[in-house]
Each structure stands twice: as structure tokens, then as C-alpha cells.
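Given chain A's structure and the hints, the job is docking chains B and C onto it.
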Amino acid sequence: MTFVSTAVPKLRPAGTVAPGPPPPSLASRLARRLGGFTARLVVLAATLVWLSPTLGLAVASLRSSADNSATGWWTALARPRQLTVENYVALLGNETILRALWNTVLITAPSTLLVVAIGTFGAYALTWLDFPGRDWLFIGLVGLIVVPVQVAIIPNARLFGMLGIYGHVAGVVAVHVAFGLPLAVFLLRNFFRTIPPDLVEAARLDGGSELAVLRRVVLPLSGPALASLAVFQFLWVWNDLLVALVFATSENAPLTYALREQMRAFSSNLDVIGPGAFLSMTVPLVVFFALQRYFVHGVLAGSTK
Amino acid sequence: MRRRPGPWTRRNRRAALVFLAPLLLVVGTLVLIPIVQTTWTSLYSEDGSRFVGLANYVDLLTSAQTRKAISNNLVWVVVAPTVVTVLGLLFAVLTDRIRQATAFRLVLFMPMAISFLAAGVTFRLVYDEDPSRGMLNAAIVAVHDSFARPSPYPGATVRDGSGLRVSDGAILTGEVAAGDVVLLPLVAVAPDAVPDHATEAVAPPPGPGVRGMVWRDFAPEGTGRAGQADPGERGLPGVAVEVLRDGEVVARTLTDARGWFSVPDLVGGGYAVRLAAANFTPPYQGLTWLGPGLVTPAIMGSYVWVWAGFAMVVISAGLGAIPRGTLENARVDGASEWQVLRRVTVPLMRPVLLVVAVTLAVNVLKIFDLVLVLAPESAQADATVLGLEMYHTTFTKLNAGLGSAIAVLLFTLVLPGMAWRARVLRRQGVARP
Amino acid sequence: MGSAAPTHAAAMPVVAALTGFTLTLAACTPGTTSGAPGPLAGQTVEVAAIWTGAEQASFRTVLDTFERRTGATVRYTSGGDDLPALLNSRLAGGSPPDVALLGQPGVVAELARRGALVPLTGPAAEAVADNYDPDWRELGTVDGTLYGAYYKVSHKSVIWYRVDAFDQAGLAPPRTWAEHLAVTRTLTEAGVGTMAVPGADGWVLTDWFENVYLRLAGPQRYDQLAEHAIPWTHPTVVAALRLLRDYWAGERTIQEGAYQLKFVQAVADVFGARPKSAMLYEGDFVTVEIGRLGTVALGDGARFFAWPAIDGSPPMVITAGDQAVAMTDRPAAMALIAFLASTEAAEIAAAQGGFLSANRHLDPAAYPDPTTRDLAESLTTAEILRYDLSDLAPPAFGAGTDASMWRLLQAFLVEPESPEEVAGKLEQAARAAWEGS
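Residue numbers (the working numbering), protein chains in the order written: chain A, 1 to 305; chain B, 1 to 433; chain C, 1 to 437.
Isolated chain A (complex conformation) (with noise of 0.2 Å):
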């Protein structure tokens, strides 16, 4: 299924057309293959250049400190022996990561589900709802798009500290909330658009509330715009540091910040925070490969922050 996306605008059509195109000749056609054997080949070479990175993680976490403080990752390879998953239990019983992990997904959870909720109702009333100014809030709205997060950064910790709620999940959460409704409302309205308004019409004219129009038409087929939308936002707040830098502490930190705080610690750690990085992407990853068509189809249809 596809779904337009504004963010791709039309191509003009080019100058000349012709009919079709005449049989190749047998030099274009070697050319071509040429040219395809070099395109496999540096292809090819982007892939290992693309994925070393992320093995040499993987393949460092799965030493001991000893070994890497030694040699580099890929002596490993020739030597399977050396690979151990010590870091990894040391890892399960380390009670800081572990907090961190369950904070990341406090924060996740209810900041994942707000956005869609909340965005939902946004979108829904940008997109059929009348009234003055409808355009213009909905520009207003996608301009904030790429504001910055630390330009709210301040007032909010102030704001926050009257509410009590500074340094508590409930803040973090509100932040991350706000600062995703902007592409929420983007996303859902620019697929709103695409559902027939007849079908609307219909359900209104059945005498169902716009409430109603909402849950029996608009939900039933948004299945692939709200997965985009979640899993989009989702994956932003996973992998936030900022804003939890900011607004939690280190009792409620996620799992980047409690990364952060050991890399600044007296040692360096790196058979706590390989392990650590990998755990923290392998949830993403996980989201990322099961879900990806909905992530790109969320990338493509309105480019990101």
C-alpha cells in the first residue's frame, strides 16, 4: 500500500519522448553490464563498509576487557575462542543498566501512545473539521517541526519545577510529547487526506457524532499511518539523550543516559557500555527490521527533525 507523499514533489516531465526505446546495441549492452558489475562491486564494498562499524561493536562486547584493551576486534575473528558473554551477564546483574532499561521504556510507552492519541484527534480535526484559520494552524503547526529542543529547554525546567514534576517521568514524557505533535499532526493529516471524504460524508450523514465518524471510518484505515507514526516516535524517544539529560535524573534516567554517565566515569568501561550500546540497539533493531516498511514509509512521508 502506498499513500502519497508531499514531501516528494512531481517531476516535470523531461524534453523529448520518444515512442520507445530502439533494441540495444551490442556496445551499449556490454557497457551496460560493465557498468552493472562495477555498480555490484562498489555496492558491495558499501556494505562492508556499512556494517564494520556495528560488528566491530558486537564482536568487542563479546570480549573481555583484557582482550580489548590489547588488540583490535577483528583478531577475534580468527580466534573464536577469545569470544565470551561475561560483559553480557555482568551486564543482567548490573542493576543501574537494568533500571535504565525498564525508565526507557516508562518513558517510551506513554510518550509513543500520547503522540498518536492526541495526534490522531489533531490531525482528524485539520483535515474535516471546519473553522477559521484552519490552514494557517496547520502551517503554524508544521513549522514547529524543526524547532529545536533547546530553545524550550529552560522555561520547561522552571515550568516543571513549579508542577513538581522536574526530574520525573511525567516531565520527560511531556516533552518528548510536545515536540513530537508537530509531525504527529504532518504525518496523519497528509494521510487523511488520501481516504475518500465521501466516506466521511457517509458516516455523518448515518448521524454518527464526529467521534463516531472517527472510530468506525478514520481508525479502521489508518492501520499503516499510525504504525508509521508509532514507530517513528518511538524510536526518536528510545534513543533521545538530551531531553533526558535535562529533564530526568539519575534514578529515572533511560538507558543513553546511564550509558552517558558511564562513559564519564573513572574507568573506561567499555565491557559495560559495549555490551550496554548493543542492548540499547538491539530493541530499536528489532522495531527497525520487523516494522521497517512503516519507518521509511514515515521518513518518506515527511522528512524527519
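Don't read these hints as lab results, they were simulated from the structure. Don't take each hint at face value.
[What the hints assert, rightly or not] Derived lysine to any residue pairs resembling SDA-like cross-links, with alpha carbons at most 25 Å apart:
#1 C:Lys276 to B:Ala277
#2 B:Lys68 to C:Glu415
#3 C:Lys262 to A:Ala66
#4 B:Lys397 to B:Asp59
#5 C:Lys425 to B:Asp382
#6 C:Lys276 to A:Thr71
#7 B:Lys397 to C:Arg114
#8 C:Lys276 to B:Glu129
#9 C:Lys262 to B:Pro297
#10 B:Lys397 to C:Asp223
#11 C:Lys425 to B:Thr223
#12 C:Lys425 to B:Arg67
#13 B:Lys397 to A:Arg79
#14 C:Lys276 to B:Ala278
#15 B:Lys397 to C:Ala396
#16 C:Lys276 to A:Arg79
#17 B:Lys68 to B:Pro297
#18 C:Lys262 to A:Thr71
#19 C:Lys425 to C:Asp223
#20 B:Lys68 to C:Ala396
#21 C:Lys276 to B:Ala170
Below, chains B and C without anything else, positioned relative to chain A:
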């Protein structure tokens, strides 16, 4: 969508209010109002007690630290989106030609899913200076050493007062004549650097020409004499020896397993023996990627690793929209692949490339966690960017006024991105009912 | 959620499984409930310290014993090198940890004067009185009131060396600075590597300075400098800086790339599988890293010698430590501190290595190996003992990655300028820090 008159309108507005309320409340309170508040705070002193007007902004533009951040940001904004877009275009075009592109696309796009913290940790491993640990330097050193033979005795030198001197890394004797036995005792030679086939050092007997011995002149403390071949000391084979006369090289030879060398044909005097610097050059160690000089390009490298996939995916989608016939015609007309790319593809893709580049530029302006995590403490000052400066100024140096000013500056820099986005939307007719 | 794409249906079980996996993993948090009975059953105590990695694990063992004994649950939070900043932000938010282990008496004094600490009373005060010498009690006292119990201390005047390198060069450990210079030279000639200086960790460089200064200028001057009663431009300081520069900038005296070298990597560079140097200066806690590397055995392949005497100075030891302070007035906090000050806690921690205690009732046999025992003995029998100067100074000067003393010495290491200039900069920074505190 047709507008329905009458009773629907009131109902529309009521529903709109309800539906939009949470959105407007959250975004208004936590995004919009704070922008105003931050601007306001930037006009006050660090603890918010005194009104200082534009003093913070003056500080911003005169402080060396923020100027470095601004110049770094500029470099980032110009270089990073360009490199990423170009790579994205290249990869999109390449994968267009081959069939099993999905795996490649996945691999390239995958880094988008991980946090910048994880990317930073990953690349710390890649950029580790020590070539025995860091992947990049290991590769570079391997390539370098395949062209240049590594020196046999890196770091070797002579003792003070041994009569030898070091000049430009080479070791020189004083004047020697034919018939002399030239002794060249070396120190700072690692015991493992001496090859197994080297034998115990014994001075060669006198003979015709210029001859001598190069050996590792170290015996455990108190047991040997400096400058003399003691038992247990071993000769150094494979040292390139040059005999000079009047500054010109008249003979070249290598030492053998005993560390001996001889050039029997020489007669007369006025010679000097030189051990070439290439014998002792320290091993090539690659580059200091995370040092003050290269840290920003290094971090940009990891940024490219993360975002090239994004560019490729978006550009691929755009490529897919080009009618097949157009490219075919160009090829058939005899254009090479490169010409097709340059004359046909790129012009057609310009809008898409622009979208990608601008998106990246805005994204790059806000960069924070990648620099924080990847740059080691010693290089943080050289790698700093505005996003990072704002954080440090506000939370480490506790200067809310200056921090707010930096945030406002950052916001001003992304405003063009906002305006551009709004313009694109209006042109696409999004706003038309 | 709706009909449409079949991938949709496939995705849901994945997401469900993933959620389940993550929740299970996170739920494996040890120490979430101890559930044991005891006088503090059901209460949670939070303790914050700088330790991570192996030291954290060792500390955790001690905390676990406390949990079993009292039924309380102890939560450990690590603050890394910038623990004071963490405590400040927690205090600002109104939720400080119950107990904190701080290494800087300067920070403790500041917190105490601000009213952020609770004086030690009851079992905690008794434990300190029973188990610690007056010197250590004094260090935990601010303005006449006892606030801290020294749980862990360190010996910072030893130089570690690789025995095989010294054997190959035919050397014995030096006792004076002149001998040390000769040893360094001989090591260079032998090609077995010299001294590793981890310049990336500024605190190591401050310890270098303190050892040199204490021996060169004597304990009275050291105390004066610690209180900033004499300026950093004093001739004794300049002389110490000159000596440091001559060593650090000397021809091949220290390992290359000192500025980028981190402490743990330096240990690996001396005692790991591919050694680059033969000596490393830093305290007793190096034993933990040596143990972790597993390449040489402590006491066998890795030994220490005391910091060499300079100009005939008597044996002197620079020490530092972590004192437990109470930040809330809950009885559980006081009970934890009492336990940490007890001999039993010291025994448990000592047995794990990398730990020295100032507890006078601790049996040296509790230490796991002869080397650590020697270190402990050297510490407890030291005639002249002085606390780490950079920890006594205001934090802006002496503690934390941004501290002026750290940064200035790092710059001195990289670009050895004139000692007078560096002394001038140090004095400037010191004045700003002492004035501001």
C-alpha cells in the same frame, strides 16, 4: 472537500475545539510559549536577577568558545548535508541498476534506528588511535605498510658521549679511514625487535676497506661497559649502512647476522659511516582521528554513516518517479552513465535533492548527542557546536541568560528551514480547502 | 487494528514478544525487593557514589550484606566523576540520596555549611569513634561536627612496575629521585619502555604534582598550599613544576601520546598483553585493573615501589578516600553509615581486592594478597600522611573534569611552557575558586 453550510458549521467548530484542545495545550505550553520565554530570559543575567539587554548576545559573539561552536556549525551545515546527499544520490543510482538491492538498502538504512549514543560508542572503537585496536587506523597502517617497509629497529638511538651523533633521524660517525673498525653501539632497541638469527656481538677483526659492527649495546645494569661488545649483547642484522665521503654516498650495504658490515674496496680516509634514518623511524601509527584537528571531520563521518541511508531512501523514491523512458533514451543516444547522471538524472531530481539537503541542514544545526558522546573530553572544546554549548552553558556553568541567548541563536538559524517548509506546503496546495 | 496489510498482522506478535522480552529483562533488576525481615524491613535507602564497574560490584556486595542484615533495600546510584554536580541537582529538586560517598573534603565542607548534611549520631558516630584514628575522624569533621565516616581509602604514593622489564634491564627499584631518573634512563636504553602517564585523566597529573610537592617542599608548606595560605606562585611550587616538566618533557622519559592516554588503557599498556611501558604511577587501586587484565600476577609480575625520596625527604604518603555522609535524617541512612564504618564491612570489601581501609581493627589477613597487605601496612604505619590536595581544594579548582588544576596540568603536559607561567595561571584559577567558595 466541500463545505457544508448550516448546522454542521457550529458542530464542526465545537468538535474542532474538543479535538484540538489537548494538542494546542501541550504544544502551546511546552513549545510556543517557551520560545518567547527563552527569548525573554536571554535578556537577563545568568541567574535571572538583572536585565542586561543584549549583553548576552555580545558575549556570545565575542567568546572564543561560542565562536568556535558557530564556526563548527557552519562547517557542519555546509559539508555534512552535501556529502550525505551526494552519497545518497550515488547509492540510489547504483542500487537502481542492480536487482538485489533490498539487503543493501536495509544495511545502509539501519543506522537510522540506533541512538546517536550507540553510534558514538561504535565509532569510538573505529577511531581509536592505536592501530592495534582502532579499525580505521589499522586499515590505514596496513595500506601504508604494504608500500613502505616498516623499519627494523624503530626508536633506536645512541648514548650521549659515544662519539656518534643523530642527525635528522640518521646516525652518523665521525671521520673514519679505510682499515678502521667502526663500532656503532645502539640503545633503545626493544629486545624483541632483535631477530632470532642475530648472533652474539663480537667486534670484527681489522681488514681492508671500511668495516664495522652495529649491535644492541645494552647489558643489564652494572654488568656491561658502554660502547664495548659485552657477552649477551647481540648484533643487529638488516641495518642499511651508507659510507659517505664529502657528503656523497660512495657505498651502501646491509649488516649481516653478526651485525657486521664491510666495504672492502675503499681506500684512504675522509669517510663517514651513516645509518640511514629509515632504519629507525617509529612505526606509522595512522592519524589521531579524535584529536583537536580531525575531530569535527571524524564526527561528520559518523553522521554520514547514520544518515546516508535516509538520503538514499528518499532519493530512490524520487528516482522511481522518473519515467523509465527518459533514462533509456539518454543512454541510447550514446551518453555514458556519468553523463546520464549529470545531464539527465540530477536536473530532474533537483527538487528531491533539495528537500533532502535542507532537511539534513536543519537536522545538523541541532546536533548535540553525537558530539557529546564521540568527542573525547580533551577534544570537546574543539568539536563543540551550538547545541552542546547551550547545554554546557546552562547546566554546567549555570548561566541561564547566556544559555538562552545561544538557544535563541540556534532557533534563528533554523527559521529559514521553517519558512522554506511552510512555503513548500503552500505551493503544493496543501492549504487549499 | 484493522484489515489492510498482512504485514500488519505479522508485526503485532513481534511487537508483543518484544514488549514481553523487554519487560522481563527489566524486571530482572536485582535488589528491587529484598523481602527479608529485619529492623528496617520494607524501607529503601539510596546511596550514591562515583563507582562503576568492578568497584561498584565490590560495593554492591557490602550493600547486599546490609540488606540481608536489616531487611532494607539499598539502591545504588553512580554519579561518575561529577558526583557533586549530581548531588547539587538532586538537592535542588528536593530529593537527595540518603547517603553519599564523597572523596572531596572540600565538597563535604561546602554541603555541610549549606545545611545539606546531617551530622553523624548514634551508632554511626560510635562506629567512627571506635574504629578510626583521630586523623581520619578529623578529616570527616567540619567546623567541629562529625559528618563523614571514611569507608574506603587509598595509598597514592606508589609506583607500579613490570618485573620482567626491570629484570631484563638488570634494575632494582629506585629509592631516590636521582636513582629514579637513572632507572628511567636505563629502561630507555634497554628498549623495554619507561613510564606511562595517563594525561587524559587530569586527576592523575594532580597526584603527580602532590607527591613531588610534598617531598620537595615539606608537609608544612603542603598544608599551607592546601589552604591557599601561600600562593601558587611560591618558589616551592615553581620548583616542583620545574621538576615535573623536566621529567615529563624529557627525552623519551614517558610514553608517547600521554595526553590521549586514559588511566585504564595505561594500566593495560604496562601490564597487558602488549606492553609499551615498564612503569605506571598511580595508587593502590591499580591492583583491580591488573587483576582484570589477568596477564601478570600481582606480586609476581607486577610490583610496586614507594615514591622516591626527593632531596632526602623521609617516607611520606599521599592518601585520599571516600567518606560516607548522610543527606537525609532517616534512621536507615544512619544505620547504613554505621555499617559502612564497621569492621565487618571493611572485611567484606577488603576480601575483594582493590580496597584499603583505615579501620584500625581490620585484620590485615582480610586482604586477599601480600601486595595489598604491604600497601595497607605502608599506609597505616606512615609517619607523614597528607590528604590529596586537589580534593581538599574547592571543587572548581581541584575536582571534576572541568577543574582548573586538572586542565592546567594537562596543558602543561602537552605544551611544557615555563613553570613560572603555569604557576601564575594556577594562582589565578585558585584565587577565583577560593574567593568564590
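Structure versus earlier hints, numbers of those that do not hold, lowest first: Numbers 10, 11, 13 - these are the hints that the structure violates, sorted from lowest upward.
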